[in-house]
Amino acid sequence: MNQEEQRSHEFETHYQPYEQSQETISRRRFLSYTTGLLTGAIALLLGIPLAGVVVGPLLKKKKSPWVRLGGLSDIAPGVPAKFTYSFRKADGWFEKTFRGTAYVIKPKSGGDFTVLSNVCTHLGCGVRWDSDQQAFLCPCHNGGFDIEGKVTLGPPPRPLDRFTHKVEEGVIFIQVREG
Amino acid sequence: MLRRILKWIDEQSDLVSITRHFLEEPLAKGVGWPHVFGSLALFCFMIQMVTGVFLLLYYTPTPDHAHETVSFITHELPFGKIVRGLHHWGASAMALVVGLHMLQVFVWGAYKKPRQVIWLLGVGLLLLTMGLAFTGYLLPWDMKAYWAMVVGTNIAGAVPIIGEYIRVLVRGGDSVGALTLTRFFTIHTCILPALLIGLSVFHLFQVRKRGITPPWRKVGDEENVEYNQRFYPEQIFKDVVVAMMAVALLVFIAGHYGAPLERVASPSETGYVPRPEWFFLYQFQFLKYFPGKLEFLGAVVIPGIVVLAMLLLPYVDTNPHRLPRKRPIAMFLGIGLFVVITALGVMGLASAPKQRELSQQEKVGEKLFLDLRCQTCHGINGGGGSAGPDLAGATMNDPSKLRTLLRNPQAFNPRSIMPKYELSSAQMEGIVAFLRSIGKNSQMPKSPAIGPKKPQGHFAEEWLTQHKYEVRKDPAQCSSCHKPQFCQTCHQNRRPDSHQKQWIKSHFGTAMEKPEYCAVCHERSFCTACHQDVLHTSQWLTEHKRGLEKRPEICKECHQSKDFCISCHKGAEPASHGPNWINTHKKSATRSCNVCHTQDFCSSCHTGATPQSHDARWSRTHGRSAGLGCQKCHNDSFCQSCHKVSMPHPRGWRSRLHQPQAQRDPSTCGTCHDQSFCTRCHVRSKPSSHTSKWRRNHKAAVKQQGDASCQNCHGPNSPISCKSCHGLDMPHPDDFALRHTRVASYKRDSLCTKCHKINEFCVKCHEAKDFQK
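Respectively, the protein sequence lines represent chains G and L.
Going by our numbering, the first residue of the first sequence is number 9, and it counts up by one from there.
Going by our numbering, the first residue of the second sequence is number 522, and it counts up by one from there.
It is worth saying that the hints were derived from the structure and are not from the lab.
Take the hints with a grain of salt, since some may be wrong.
To be verified - Facing chain L, according to a computed beta carbon distance under 10 Å, are these residues of chain G, among others: (1) R35; (2) S40; (3) T47; (4) A49; (5) A98.
All C-beta atoms in this analysis are idealised placements derived from N, C-alpha and C, irrespective of residue type, glycine included.
Using the sequences and the hints given, assemble the complete structure.
As structure tokens, then:
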């Protein structure tokens, strides 16, 4: 008889009488339930921070910072003025500089500025102002937008996006969205 | 439902049966709480595995990003501090629990036959645990990690003959660097965990096969042992209780204290005092007793002997008894080793140089040091900035010099970029006391994180000299964190390299094309201070005449060449130059002609045809107008040709500069000034030459230099003419020697004797008896 068999034999000899008593059964059940509870508590204590580490970055609030575009002094009425902007954005532990282009249109008749994104709403190419055709033209799929950003030509499904903007001390700022 | 699922799984794989068989292992009477350490060690390892995997989601094993990612996990990632803390403190817990488990097995004699292999596997697991601990704490790439690796790999190099190869192999090169980090990362996350899992499974298998040792039974006497409990639930309950306590403690420590993270590794920082983690402190202390060539003994030989002894223990110790009192030698050696290791560890901990407690005044200074952010430029024993000298090595300790340095750093070095500080006396005394308290064991005080996180690039050693390139690449990068005053803090005393001498003329190109460059360092008001009224908008071409009228001198800052104006105005006169301009221009002549016209332009008309203002009396009256517009037409040499000195008089002329010129050539003053002009001052205050003995000695000066200099001030019309003192016109006329008899006979005593002694001067011509009455 090897050791294991010997132990089982010894166990059979000495333990079984315990197994049959109600006291033993209730004690074992108590220990089982308590073990289960404690194991659940351990799983929670560990599981919550671990889940949080994975899910946390996804739940981070996206900021909408104000980004400087440029001075207003050089904008002629009725002609879209092209501005490039850049802003720093956190990418995990990185901070990267993101750049973009916006068009500022000062109406000939006066009134508030319009700031349009240069990203075509079709598939994301960069539109450019064509002064001959007086339209924003997309070189990718021949999409076209008028000076107010409305679709006039081609496949774009909706007008050019507009930036929320403000003017402070002669400088125009736009609000960009992270993400 | 659950039973049916389990039954199906068991039918397919026997998994449930195997598990049940494992859990229902009978355990001997007496097996209980002392036997929880094995399961606890396994549980700690599982915590390390799980938390390690989750940390891998964000950690990057490169020197550029390792510290940054660990800092991100610790400070920015939600729950990151807890997960990293669990991993850090879990490692310490695992090392401790593995040691306790081995100690329990030793004391219980459970290593003896037939369980020798279990003990051998346990020693292997101990070594793997220490290996995991050693490779793990390099990964944050902070100062502690870096220097621990330098020292640790140098210890590996202490092995004779092959030590150098081992060191290079472990480091991945000659020095601790990127390759060291990646090697240790691979060893820590892949190789050692795989080995440990394999060894643990084998270890558990052997434990299950042989069974847990019945307490205190002699070797070979395991029959008739009472087995009155099962592994599940009796022993597992105890294991889970202890595991629960361990997890609760670890979560508390991780949440409350977090895991430490020192500053990013810097190989050039030699002032850092490295200390290993607590589980290597005994080795650190032990090596102190084996200096120089003996290091190999302490690092490799003796620890190797100890490990060998542990491996051979089950085979060498043939005493069949397991009771401690019946194993005195084994107990003495085992407990003795435990005590020695603990004592060495405590001694190692106590040997760390302690920082002196700061006095109240020094604490005030320390706080001010951090508030003023002095650590940005200055380090203390390496920690901190490198723009300025390290304060621990500072030679200046004199309080008065320190105060002067803080108030005016440029007094010691004109090119210093250190800003000046206006501090109250209490603040000054505090910071001086703190600076004087810094010694070779001092460390940089911990400063709270303020504002946005510092980018990793700012920690590079050459950042101070190289940041200008980053500014040029992307000025928005600086502006996103720093306001212009920040740049001025240093650059007010030292202009950037780009702002050369001619910058005032050449900056307009940059300002037009890339105004964001200027905005990094300058507020808008800085530009408008110059450009106010002269902002070259698109209407400037028609508007600039108004700006010219307001501030004509500002145009010359950029447009120094007259050709610039003439290029437009040649043939196209400004609006101000109307038909009658040639007659009316004199009113504006002193103000703005030179903006466009050189002197030659004016001289082309005015040579031979003086302006109307230059009438007959002009040479006498122009002094009142001089300085207001002479330079428009005349250069300095023109004025000097008459005045013989620079005109108008330079600053300091009245107080100190005119005296030498007046003494050299008094007629120079007479070109413009009459005597009353000089005496207006000199009645009240004499020239410097007129000392207290002047009255007696001026005769020699007059004889030497002539009386011309006297006549400038003391001429016949002056209130203090020579006659007013001498009673006669001075100097004597040429024929006075022949005509003085009449004066001398009546006024000898009142006049002649003022200057001449009778018995010395008069007797040269006269008989002495002539003067006797």
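Structure-based check of all given hints:
1. R35: Nearest chain L Cβ about 9 Å off; hint holds.
2. S40: Holds: closest Cβ of chain L sits about 5 Å from G/S40, inside 10 Å.
3. T47: holds, 6 Å
4. A49: holds, 6 Å
5. A98: holds, 8 Å
Violation of the numbered hints given earlier is absent; every hint is satisfied by the structure.
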